[in-house]
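Enquirer: The residues making up each chain are set out below.
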Amino acid sequence: MDLKLQKIIPQLITVLVVVLVFGFFTYNAQINMENRGIDFGYGFLSQESSFDVQFSLIEYDGSHSYFRAYLVGLLNTILVSVIGIIFATILGVIVGVARLSPNYLINQFAAFYVEFFRNIPLLLQIFFWYFAALRALPLPQDADAMLGVFFLTIKGLYVPAFIWENLNIFLYSIIAAIIAIVVIRIHARKVQETQGKQLPVFWISVGLIFILPLLSFLIGGVSLSFEIPKLKQLATTSFIYEGGLSLPPELIALTLSLALYTATFIAECVRAGIQGVGKGQKEAAASIGLNPNQVLKLVVMPQALRIIIPPTTNQYLNLTKNSSLAAAIAYPDLVLVFAGTALMQTGKAIEIVSITMLTYLSLSISISILMNWYNKKIAIKEK
Amino acid sequence: MSKINFLKPDKENLNTFLYLGSFLFVISVIDVFLNSFFSLNITGFLPSSLSFIIPIILGFIGLHFIRIEHSGYKFLDQVNKNINTNNFNAVLSLLIIFIIIKATPPILSWFLVDASFAGDSKDVCSGTGACWTYIKVWFRRFMYGMYPNAEQWRINLSFIALALLGSVGYFATEKFKKYLTLYYVVIYPFIAFLFIFFFISGGPVFFDFSYGIIAAVISIIIGFFIPGRFKFYYFIFVPITLYIALKYFIFYEELIELGKLDGLNWVETGAWGGLSLTFIISFFCLIFCFPIGMAFALGRRSDFPLIRYISIGFIEFWRGVPLITVLFMSAVMFPMFLPEDFFIDKLVRAIIAISLFEAAYVAEVIRGGLQALPRGQYEAAKSLGMGYWKMHIFVILPQALKLVIPGIANTFLALVKDTPLIFVVGLLEIVGMLNLAKTNPEWLGFAMEGYVFAAIIFWIICYAMSKYSYNLEQKYKTER
Chain A
257 MDLKLQKIIP
267 QLITVLVVVL
277 VFGFFTYNAQ
287 INMENRGIDF
297 GYGFLSQESS
307 FDVQFSLIEY
317 DGSHSYFRAY
327 LVGLLNTILV
337 SVIGIIFATI
347 LGVIVGVARL
357 SPNYLINQFA
367 AFYVEFFRNI
377 PLLLQIFFWY
387 FAALRALPLP
397 QDADAMLGVF
407 FLTIKGLYVP
417 AFIWENLNIF
427 LYSIIAAIIA
437 IVVIRIHARK
447 VQETQGKQLP
457 VFWISVGLIF
467 ILPLLSFLIG
477 GVSLSFEIPK
487 LKQLATTSFI
497 YEGGLSLPPE
507 LIALTLSLAL
517 YTATFIAECV
527 RAGIQGVGKG
537 QKEAAASIGL
547 NPNQVLKLVV
557 MPQALRIIIP
567 PTTNQYLNLT
577 KNSSLAAAIA
587 YPDLVLVFAG
597 TALMQTGKAI
607 EIVSITMLTY
617 LSLSISISIL
627 MNWYNKKIAI
637 KEK
Chain B
8 MSKINFLKPD
18 KENLNTFLYL
28 GSFLFVISVI
38 DVFLNSFFSL
48 NITGFLPSSL
58 SFIIPIILGF
68 IGLHFIRIEH
78 SGYKFLDQVN
88 KNINTNNFNA
98 VLSLLIIFII
108 IKATPPILSW
118 FLVDASFAGD
128 SKDVCSGTGA
138 CWTYIKVWFR
148 RFMYGMYPNA
158 EQWRINLSFI
168 ALALLGSVGY
178 FATEKFKKYL
188 TLYYVVIYPF
198 IAFLFIFFFI
208 SGGPVFFDFS
218 YGIIAAVISI
228 IIGFFIPGRF
238 KFYYFIFVPI
248 TLYIALKYFI
258 FYEELIELGK
268 LDGLNWVETG
278 AWGGLSLTFI
288 ISFFCLIFCF
298 PIGMAFALGR
308 RSDFPLIRYI
318 SIGFIEFWRG
328 VPLITVLFMS
338 AVMFPMFLPE
348 DFFIDKLVRA
358 IIAISLFEAA
368 YVAEVIRGGL
378 QALPRGQYEA
388 AKSLGMGYWK
398 MHIFVILPQA
408 LKLVIPGIAN
418 TFLALVKDTP
428 LIFVVGLLEI
438 VGMLNLAKTN
448 PEWLGFAMEG
458 YVFAAIIFWI
468 ICYAMSKYSY
478 NLEQKYKTER
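Residue numbers (the working numbering), protein chains in the order written: chain A, 257 to 639; chain B, 8 to 487.
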């Protein structure tokens, strides 16, 4: 009886405290909202938003609903995160490998990069790129074309737009190529297991991924043309580029700083992963007759990836969460559009902040569930 | 002298290759050097595209020639081993050397040579270099925010005093070492709080500050005569009791009225700012997030399912949302949750928000340390008859915390780097002040200088912290 009580009492007290705190908050919230004449509810999401967003991936203007504004913000957040993740990964892997280079200059250069960029607050870096570095770019009328088609100006980066015809056939051809590669890989493994022969899978895959889409151009009636941005005069001193795609400077500053900052952490993960594979593993692999390529592919990488991937996913998650700093330079992401403008207009603080937090929360929890599943799958199964 | 094969430098013709290679390499470096420092182009007679890549070609051939194994010259072998192992490495090394040479003159001229330091108005900044005058003029604003100039000695004095009190640990003799934990965990934060709250904030409450100091000093002096086993309870209860006694019974208000000094002017927290605010916020969040995080780490490993689930919920919630939304919450949502006439200062709200946020990260780091300890440690402690708290305080936590020093240092670094986000609640620390100064019509166009200045300051702070944590890690590394 004594023991049981000892187990129950601390739990009861904790739960009681939590319930009391939450109850206190809800009670106050109710009174406050009554006093201010605000009613709680999510009905406002279908109302007309009547504000404009300057950069949006889907069609949007003031006549659309608040829910659509939320989608615009969410898509912009995802856009920044995806671009940032791609660049951060490329840069991070290069720097991480460079830190292990036997070349003194290269590894010092990489170490300098890592130490430099990760010890400066991200917000400061975003401000630096947006307010200081990108402001030094030329005006649209003075900009020189890079490679003839890109225009990097103070108003953003203008790139040619792709104009596809029969895009779906092109996409089908890529999907077909991927399926074919998977089939060939499975077949190659079978051949190796039964006959001990190795098929040149890599070259077959490269060939397939190039040839099938090429065929779609030749036979499938797919065509691709470019729309090159052209300078257009709005007023005597005001110029703008028309046609093509325009990336606003906010997006450039944000992705640049997110990628440069997160790459330092990814580089450290990569370095730790490669260092984590024991020297004996490589020597053992070499001694059973694998060539250096095979050692890397079959022995080092699988083990290194097991160490690299979990912390790197964490960094991807951090990058996604850090993209909310967009609000500081007025890039219309979820926080700025929804928790900023929409909140100011409706005054529904509790509803909007809770939706915003829940969105981020579900994003991170789904990724971490995926991660745990992956970790379990690749973990070394010990007997 | 044997036959010379230029594709395969060997030891036989060492001197020929060495002189030829070094000559080519030096020529290429000199070419780039003259080009960038004196804008002289000694290969200008060649077509422009060729003259652009000629240093790389020359340097590459030069490095190829001096790549001779076991040459017998120690220096040459070192060079080959470090920057010249194969062709690919040689090109990369050359590129890095050239980039450094190319980048030095513009950076130097912007930072120093063409920069303006003198004067106190915008007019002196006409050159192409940086305008450090801007930093000089705005220096007080960047350091102290809107804090009145005449009162800034209070911030300085507080920080100096806290730094001195904080360094006590280095001078403590063996006898006092055992009290250091207590000092740093309980007494020091308390004194710091008194300093910040009563001294920097000022106002009529200034007297409370002196009571706090008196109470602390008296209780420490008496504390030495208290038997060891009661010390823990003594230091928890006696200083607070003394403080209350001083405030309400011994020097009660009417008594003060008689000889009341002019208290320090009250400065509202909205006026605080600049680097000092960065320090204040980092300091308090650091102090608060550690115990909270430790509690939740223990909670997550607790045997009681309800406590465990509550801890998991807390940790995963804060880890899943970005700090900026947490601050949004503290700014617009939190006031709705409080009774109507109850007002919490926005600085305090920001500190609470950041502390809870970072506590979740600290909790995960500490949990990592707890998990890394072998089961035997728990079992050994239990077999000695220790209870839960005794086991954790004396056996588990000291070992676990040692293991997670790097992780905790990283969390604290992240905390310091996150402080600029408080612009969301309307507080302006150094980055916020920079953005304010940038929009001043008299000082337009010096954004770059401001950001570089702040970046240098933050870099020094963060780099020093990471090096310190590395030293700490080395110091506490125990063989296991």
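Each hint should be verified, as a subset may be incorrect.
List of simulated lysine to aspartate or glutamate pairs, EDC-like, C-alpha gap at most 16 angstroms [stated by the list, open to error]: (1) A:Lys260 <-> B:Asp310; (2) A:Lys263 <-> B:Asp310; (3) B:Lys474 <-> A:Glu539; (4) B:Lys389 <-> B:Glu371; (5) B:Lys409 <-> B:Asp310; (6) A:Lys535 <-> A:Glu524; (7) B:Lys143 <-> B:Glu158; (8) B:Lys18 <-> B:Asp84.
Reference excerpt, derived from the structure (chain B facing chain A, CB under 8 angstroms, subset only) [to be verified]: (9) Gly277; (10) Met336; (11) Met343; (12) Glu347; (13) Val438; (14) Ala444; (15) Lys445; (16) Pro448; (17) Trp450; (18) Ala454; (19) Phe460; (20) Cys469; (21) Tyr470.
The set of hints was computed from the structure by calculation and includes no laboratory data. In this text, a Cβ means the ideal position worked out from N, Cα and C, and glycines have one as well.
Enquirer: For every hint, state whether the structure bears it out.
Expert: For each hint, the structure was consulted:
Using a Cα cut-off of 16 angstroms, the hinted pair lysine 260 of chain A and aspartate 310 of chain B holds, with the two alpha carbons roughly 13 angstroms apart. Simply put, lysine 263 of chain A and aspartate 310 of chain B have alpha-carbon atoms about 9 angstroms apart, close enough for the 16 angstroms limit, and the pair holds. As the CA atoms of lysine 474 of chain B and glutamate 539 of chain A are separated by approximately 34 angstroms, the hinted pair breaks the 16 angstroms bound. At roughly 25 angstroms between alpha-carbon atoms, lysine 389 of chain B and glutamate 371 of chain B are farther apart than 16 angstroms, so this suggested pair is violated.
The hinted pair formed by lysine 409 of chain B and aspartate 310 of chain B fails the criterion: a straight-line CA distance of about 24 angstroms is larger than 16 angstroms. Distance check on the hinted pair: lysine 535 of chain A and glutamate 524 of chain A sit about 19 angstroms apart at the alpha-carbon level, beyond 16 angstroms; violated. Proximity of lysine 143 of chain B to glutamate 158 of chain B is assessed by CA-CA distance (about 19 angstroms); at most 16 angstroms being required, the pair is judged violated. For the proposed pair lysine 18 of chain B and aspartate 84 of chain B, the alpha carbon gap of about 12 angstroms is at most 16 angstroms, so the pair holds.
Violation of the interface hint for glycine 277 of chain B is found here, the shortest Cβ-Cβ separation to chain A being roughly 20 angstroms, above the 8 angstroms cut-off. A hinted interface residue such as methionine 336 of chain B counts as satisfied when its beta carbon comes closer than 8 angstroms to some beta carbon of chain A; here the least separation is about 5 angstroms, so the hint holds. A least Cβ separation of about 5 angstroms between methionine 343 of chain B and chain A falls short of the 8 angstroms threshold, and the interface hint therefore holds. Taking 8 angstroms as the C-beta cut-off, the interface hint given for glutamate 347 of chain B holds, the closest approach to chain A being about 6 angstroms.
About 5 angstroms separates the beta-carbon of valine 438 of chain B from the nearest beta-carbon of chain A, less than 8 angstroms, and the hint is met. Using the Cβ-Cβ criterion of 8 angstroms, the hint placing alanine 444 of chain B at the interface with chain A is not satisfied: the shortest such distance is roughly 12 angstroms. A distance limit of 8 angstroms between C-beta atoms decides the matter here; for lysine 445 of chain B the minimum to chain A is near 7 angstroms, and the interface restraint holds. Given hint, proline 448 of chain B at the interface with chain A, is violated; its Cβ is 16 angstroms from that chain's nearest Cβ, farther than 8 angstroms.
The criterion of a C-beta within 8 angstroms of any C-beta in chain A is not met by tryptophan 450 of chain B, whose closest approach is roughly 13 angstroms, and the hint is violated. Interface restraint check for alanine 454 of chain B: the shortest CB-CB distance to chain A comes to about 4 angstroms, inside 8 angstroms, so the restraint holds. The beta carbon of phenylalanine 460 of chain B is not positioned within 8 angstroms of any beta carbon in chain A (closest approach about 10 angstroms), and the interface hint is therefore violated. Nearest Cβ of chain A to the Cβ of cysteine 469 of chain B: about 4 angstroms, under the 8 angstroms cut. The hint holds.
A hinted interface residue such as tyrosine 470 of chain B counts as satisfied when its beta carbon comes closer than 8 angstroms to some beta carbon of chain A; here the least separation is about 5 angstroms, so the hint holds.
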